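From first to last, the protein sequence lines stand for chains V and R. Using UniProt numbering, the first residue of the first sequence is number 1, and each one after it goes up by one. Using UniProt numbering, the first residue of the second sequence is number 1, and each one after it goes up by one.
Think of the hints as simulated: they come from the structure by calculation, not from any bench. Heads up, some of the hints might be wrong.
Listed next, the stretches of chain V that the computed footprint assigns to chain R, with coverage defined by at least 3 CB atoms under 8 angstroms from CB atoms of chain R [claimed, not checked]:
| # | region |
| --- | --- |
| 1 | 84-94 |
| 2 | 304-312 |
Just a sample of chain R residues kept apart from chain V, beta carbon distances all over 10 angstroms, derived [claimed, not checked]:
| # | residue |
| --- | --- |
| 3 | Ala-6 |
| 4 | Leu-12 |
| 5 | Arg-61 |
| 6 | Arg-70 |
| 7 | Gly-123 |
| 8 | Asp-283 |
| 9 | Ala-299 |
| 10 | Thr-335 |
Values in this document were obtained by computation on a predicted structure and should not be read as measured data. Backbone N, C-alpha and C fix where the C-beta goes; we use that ideal spot for every residue, glycine too.
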Amino acid sequence: MPTMNMLQAINNALDIAMAEDEKVICFGEDVGIFGGVFRATSHLQEKYGKARCFNTPLVEQGIIGFANGLAAQGSVPVAEIQFADYIFPAFDQIVNETAKFRYRSGDLFNVGGLTIRTPYGGGISGGLYHSQSPEAYFTHTPGLKVVVPRNPYQAKGLLLASIRDPDPVLFLEPKRLYRAAVGEVPEDDYQLPIGEAEITKEGSDITLVGWGAQMEVIGKAVELAEEQGINCEVIDLRSLLPWDADTVAESVLKTGRLVVSHEAPLTGGFAGEVAATIQARCFLYLESPIARVTGLDTPFPLVLEKEYLPDHLKIFEAIRESVNF
Amino acid sequence: MMTQHAHQPVFLTGDEFSIPTFSLLSPEGELYSEADAPRLEKDHALRIYHAMLATRILDERMLAAQRQGRLSFYMQCTGEEAAVVGATAALDDADMIMAQYREQGALMYRGFSIDEFMNQLFGNELDYGKGRQMPIHYGSRKLHYMTISSPLATQIPQATGYAYGQKMAGDGHCTLTFFGEGAASEGDFHAALNMASVHQVPVIFFCRNNGYAISTPAAEQFAADGIAPRAFGYHMHVIRVDGNDILAVYEATRQARELAVERNQPVLIEAMTYRLAAHSSSDDPSGYRSKNEEEAWRAKDPLLRMQKWLLAKGWWSEDEEASKQESLRREVLDTMKRAEKRSPPPLDSLISDVYADVTPALQQQFDQLKQHIRRYPEAYPRGAKSLDLSVSTDADSQGGE
Numbered sequence: 001m002p003t004m005n006m007l008q009a010i011n012n013a014l015d016i017a018m019a020e021d022e023k024v025i026c027f028g029e030d031v032g033i034f035g036g037v038f039r040a041t042s043h044l045q046e047k048y049g050k051a052r053c054f055n056t057p058l059v060e061q062g063i064i065g066f067a068n069g070l071a072a073q074g075s076v077p078v079a080e081i082q083f084a085d086y087i088f089p090a091f092d093q094i095v096n097e098t099a100k101f102r103y104r105s106g107d108l109f110n111v112g113g114l115t116i117r118t119p120y121g122g123g124i125s126g127g128l129y130h131s132q133s134p135e136a137y138f139t140h141t142p143g144l145k146v147v148v149p150r151n152p153y154q155a156k157g158l159l160l161a162s163i164r165d166p167d168p169v170l171f172l173e174p175k176r177l178y179r180a181a182v183g184e185v186p187e188d189d190y191q192l193p194i195g196e197a198e199i200t201k202e203g204s205d206i207t208l209v210g211w212g213a214q215m216e217v218i219g220k221a222v223e224l225a226e227e228q229g230i231n232c233e234v235i236d237l238r239s240l241l242p243w244d245a246d247t248v249a250e251s252v253l254k255t256g257r258l259v260v261s262h263e264a265p266l267t268g269g270f271a272g273e274v275a276a277t278i279q280a281r282c283f284l285y286l287e288s289p290i291a292r293v294t295g296l297d298t299p300f301p302l303v304l305e306k307e308y309l310p311d312h313l314k315i316f317e318a319i320r321e322s323v324n325f
Numbered sequence: 001m002m003t004q005h006a007h008q009p010v011f012l013t014g015d016e017f018s019i020p021t022f023s024l025l026s027p028e029g030e031l032y033s034e035a036d037a038p039r040l041e042k043d044h045a046l047r048i049y050h051a052m053l054a055t056r057i058l059d060e061r062m063l064a065a066q067r068q069g070r071l072s073f074y075m076q077c078t079g080e081e082a083a084v085v086g087a088t089a090a091l092d093d094a095d096m097i098m099a100q101y102r103e104q105g106a107l108m109y110r111g112f113s114i115d116e117f118m119n120q121l122f123g124n125e126l127d128y129g130k131g132r133q134m135p136i137h138y139g140s141r142k143l144h145y146m147t148i149s150s151p152l153a154t155q156i157p158q159a160t161g162y163a164y165g166q167k168m169a170g171d172g173h174c175t176l177t178f179f180g181e182g183a184a185s186e187g188d189f190h191a192a193l194n195m196a197s198v199h200q201v202p203v204i205f206f207c208r209n210n211g212y213a214i215s216t217p218a219a220e221q222f223a224a225d226g227i228a229p230r231a232f233g234y235h236m237h238v239i240r241v242d243g244n245d246i247l248a249v250y251e252a253t254r255q256a257r258e259l260a261v262e263r264n265q266p267v268l269i270e271a272m273t274y275r276l277a278a279h280s281s282s283d284d285p286s287g288y289r290s291k292n293e294e295e296a297w298r299a300k301d302p303l304l305r306m307q308k309w310l311l312a313k314g315w316w317s318e319d320e321e322a323s324k325q326e327s328l329r330r331e332v333l334d335t336m337k338r339a340e341k342r343s344p345p346p347l348d349s350l351i352s353d354v355y356a357d358v359t360p361a362l363q364q365q366f367d368q369l370k371q372h373i374r375r376y377p378e379a380y381p382r383g384a385k386s387l388d389l390s391v392s393t394d395a396d397s398q399g400g401e
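In isolation and in its complexed conformation, chain V is listed as follows (with noise of 0.2 angstroms):
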């Protein structure tokens, strides 16, 4: 099997998808010959022609826009938007008219077709504007489907289930994974299914639930514990909207207690509604107070990016705490 980073798996299942459906168009801010600006699109221009991977101007709200028009004629458009923390200008096209175009039409029009790719997260130095995990704006969009990979291997499974889902997904990718995730990758066709997390991890003492590249700073977090004698079981969520409220309640039935974690603001963060689903369904069974480690409720600091992180030696203290509540 072939080895691939997480930007190889990208590019490969764009290909694929290209390849498979002409319907399928690839277009976004420097995508065209450059292959973007992390090249996530190289050679697809190449391959498939002007018309069907392009530079567009400078205009996310004009992407976006663009896209909903073009999935609902029946295109199947993957629009990129170069960093999540640029996708606000694009917001009203997403939270007023991509989530609600079926609903509004009574399904006589849908933009089913759509997905936005766009890559978000800290770790690399990029302050403010080029750091934020803004998934929790999206995900209290019913209407959308909001989907994030944690290695290669699941951004191209991921990836090819969002394209032909029937409906528009936000597809937010790990920017600091795109080329530290290495792994095999199957050079065929393959989808894995949106809405269903996955346990990477069996445990039985507690329960930590992540998505993206959270996952890996969990499982350092889960190796400093286990060393402990702490036995952890580990959930990927994969998908946000709709999320596997089943696998993880299932999960702290057993174990009795749950770490959630993101690199966005505690406040407002996906962990809380997490956190409030769990504590409904698993009430008598929790040992300790359902915790969250999360970025600081400030917007995102540069220098001080460690200090501001959630990182693994906070999840550690964080399970510690569980553990000896």
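Following the hints, complete the assembly by docking chain R onto the known chain V.
Below, chain R alone, put in the same frame as chain V:
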């Protein structure tokens, strides 16, 4: 406006208009025979030239520092110094500037010291922005230069609003906003021009048309003849200028300022120039443009063009050039060494300025963070540094203007 009626369909494309490029200095640094030299005193001309030269040298040195791993990121103004410094020099020093991110020449002209540049670049304890933003996101209240924000074009409608406030205050000042031809595709650009025209706002929209938005060439950015014709749609004064011609940029902006301040007329200036450097230290232009194209523009270098003009006028000499370059290089290197040795901003700069006052909830998060860092100080060397020196959160050694 009077409505004209036609009884046969007539479709217009804008090709009916042709917008000339205003230029005064030839690439050889000679005044065109039909051109009048703007009134520019020797001292003023040298102040402009020094700012352009210092910007060039700062950019060269700091890109090299980034390549050595001393700096996380850098962006050069190279090739666009005349556009940026020329426009700034035509303003009153107290006029507001709202820039995109590639306009360090404007700050240089206004007297931002090399130390001040370095403190921001290294995000140390003296950085006015408290180490929160990536390198080149400068700001200076005393020099009337709004702190840079990475999201593109957001400053353009803000400039309209700021200038409206200046008009209300009646203090005779205007705002100039810089942006690239790529940013002009954003909705914010169109909103800004429309509101400025409707409300008769003293704002100058200065577009640096440098040919590329990262990799995207202007031809894939717009189908029209550049940015300038858009002004017609908003009934706004517009001029296109050779952005590598310091005299033309200066004179065009000087007259634009008169329209803005004396008649409350917004003006769009499109400066035709070229981004000689990569978009940023993270970019490699060899993937999307040719060396030949770059060389052709290098021959139109705005700095050399002004230098030739100054030499011919006898206002500058080869010896002065050599010694100025030498002293600037030394200053940049010495200052860099100082700045990179300074401490990072204190840990509590993480939570200040989110609001005017720290909220109780955030204070609680911060107290937990301090407790955590005390447990693992070696894992957070920057945060632990100020925490160990001073347990009290009141001791704020932060830089301020």
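Cross-check of the supplied hints:
Taking a C-beta to C-beta cut-off of 8 angstroms, the region 84-94 of chain V contributes 4 residues in contact with chain R, enough for the three needed, and the coverage statement holds. With 5 residues having a beta carbon nearer than 8 angstroms to a beta carbon of chain R, the region 304-312 of chain V meets the requirement of three or more and the stated coverage holds. Residue-level check passed: Ala-6/R sits 32 angstroms from the nearest beta carbon of chain V, beyond 10 angstroms. Here Leu-12/R stays apart from chain V, with its beta-carbon at least about 22 angstroms from theirs, past the 10 angstroms limit.
Taking the minimum C-beta to C-beta distance to chain V, about 20 angstroms, the non-interface status of Arg-61/R holds against the 10 angstroms cut. With a minimum CB-CB distance of about 13 angstroms to chain V, Arg-70/R clears the 10 angstroms threshold, and the non-interface call stands. Interface exclusion of Gly-123/R from chain V breaks down, the closest Cβ pair being 4 angstroms apart, not more than 10 angstroms. In this structure Asp-283/R is not separated from chain V by more than 10 angstroms, as the shortest Cβ-Cβ distance comes to only about 8 angstroms.
Residue placement check: Ala-299/R keeps its beta carbon more than 10 angstroms from all beta carbons of chain V (closest about 26 angstroms). Against the 10 angstroms criterion, Thr-335/R stays outside the reach of chain V, whose nearest CB is about 19 angstroms from its own CB.
Hint violations for this structure: numbers 7, 8, all remaining hints satisfied.
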